[in-house]
Amino acid sequence: KQEVTQIPAALSVPEGENLVLNCSFTDSAIYNLQWFRQDPGKGLTSLLLIQSSQREQTSGRLNASLDKSSGRSTLYIAASQPGDSATYLCAVRREGYNNDMRFGAGTRLTVKP
Amino acid sequence: DAGITQSPRHKVTETGTPVTLRCHQTENHRYMYWYRQDPGHGLRLIHYSYGVKDTDKGEVSDGYSVSRSKTEDFLLTLESATSSQTSVYFCAISERTGGEQYFGPGTRLTVT
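So the sequence lines, in the order shown, correspond to chains A and B.
FYI, the numbering for the first sequence is 49 to 161, going by my numbering.
FYI, the numbering for the second sequence is -18 to 93, going by my numbering.
Quick caveat, the hints were computed from the structure, so don't treat them as lab data.
Note that the Cβ used here is the ideal one computed from N, Cα and C, for glycine as well.
Take the hints with a grain of salt, since some may be wrong.
Said to hold, decoys possible - In the SDA-like style, the derived pairs of lysine to any residue whose C-alpha atoms are separated by at most 25 Å in a straight line are:
#1 A:Lys49 <-> B:Val92
#2 A:Lys49 <-> B:Gln66
#3 A:Lys90 <-> B:His(-9)
#4 B:Lys34 <-> A:Tyr145
#5 A:Lys160 <-> B:Gly(-16)
#6 A:Lys49 <-> B:Lys(-8)
#7 A:Lys49 <-> B:Arg89
#8 A:Lys90 <-> B:Ser(-12)
#9 A:Lys116 <-> B:Val92
#10 A:Lys90 <-> B:Thr58
#11 A:Lys49 <-> B:Lys51
#12 A:Lys49 <-> B:Ser(-12)
#13 B:Lys51 <-> A:Pro130
#14 A:Lys90 <-> B:Lys34
#15 A:Lys90 <-> B:Gln18
#16 A:Lys49 <-> B:Thr(-6)
#17 A:Lys116 <-> B:Arg77
#18 A:Lys49 <-> B:Glu60
#19 B:Lys38 <-> A:Gln102
#20 A:Lys90 <-> B:Val92
#21 A:Lys90 <-> B:Gly(-16)
#22 B:Lys34 <-> A:Asn147
#23 A:Lys116 <-> B:Ser(-12)
#24 B:Lys38 <-> A:Thr74
#25 A:Lys49 <-> B:Pro(-11)
#26 B:Lys34 <-> A:Gly144
#27 A:Lys90 <-> B:Arg25
#28 B:Lys51 <-> A:Thr74
#29 A:Lys90 <-> B:Glu8
#30 A:Lys160 <-> B:Arg89
#31 A:Lys49 <-> B:His(-9)
#32 B:Lys38 <-> A:Glu65
#33 A:Lys160 <-> B:Thr78
#34 A:Lys49 <-> B:Thr93
#35 A:Lys90 <-> B:Thr(-6)
#36 A:Lys49 <-> B:Gly(-16)
#37 A:Lys90 <-> B:Pro86
Stated by the list, open to error - Stretch-level coverage of chain A by chain B, calculated; a stretch enters the list once three of its residues show a Cβ under 8 Å from a Cβ in chain B:
#38 90 to 97
#39 122 to 130
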């Protein structure tokens, strides 16, 4: 069974700081990994999808990396802004279980002006 | 934003009553999913569909059934609601198996 852990559970940073969010998973035989953000009372917004064969993906100020062998992914946010405040979730699909996505509990990020 | 709507957005019902939640998409995606989100458990997959009339169970399927008679609609039914089914329910869609998933706005269900 795939277990997904996100540490820390909450993070508060001043505006403009670069930051890293962590995601770890127990089974390294993954198909892909997806990062989402969730604003309070809202649905999830897809940020980045990394296939198992990829090492990283970039979108604007966001960069996600994947190290399958160590069971880790990181989401790097450059020059953080108050609008980045949200909960960030990672989700993993195991090989052979492409429709079964397992989520971490999320990291709640607050960016202070 | 992906064209996904969920109805109702909020519902309060009593224990033992049947409840049906609807997910509607305008993207013509083949795959549709139902999740529930609970504090301390995160999001968990209930059921998913890989085509019209084709469905399969997820991690927490007990007490739930689904139906998909049209590409655009995926229904989640609680045959006899229990207080443990109080949760926020999300629908998601994907164009292909293992592909990027896009989520709806959610339905907050309270079972009293």
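Q.
Of the numbered hints stated earlier in the document, which are not met by this structure?
A. Result: hints 1, 5, 6, 7, 9, 11, 12, 13, 14, 16, 18, 19, 23, 25, 28, 30, 31, 32, 33, 34, 36 and 39 break, sorted rising.
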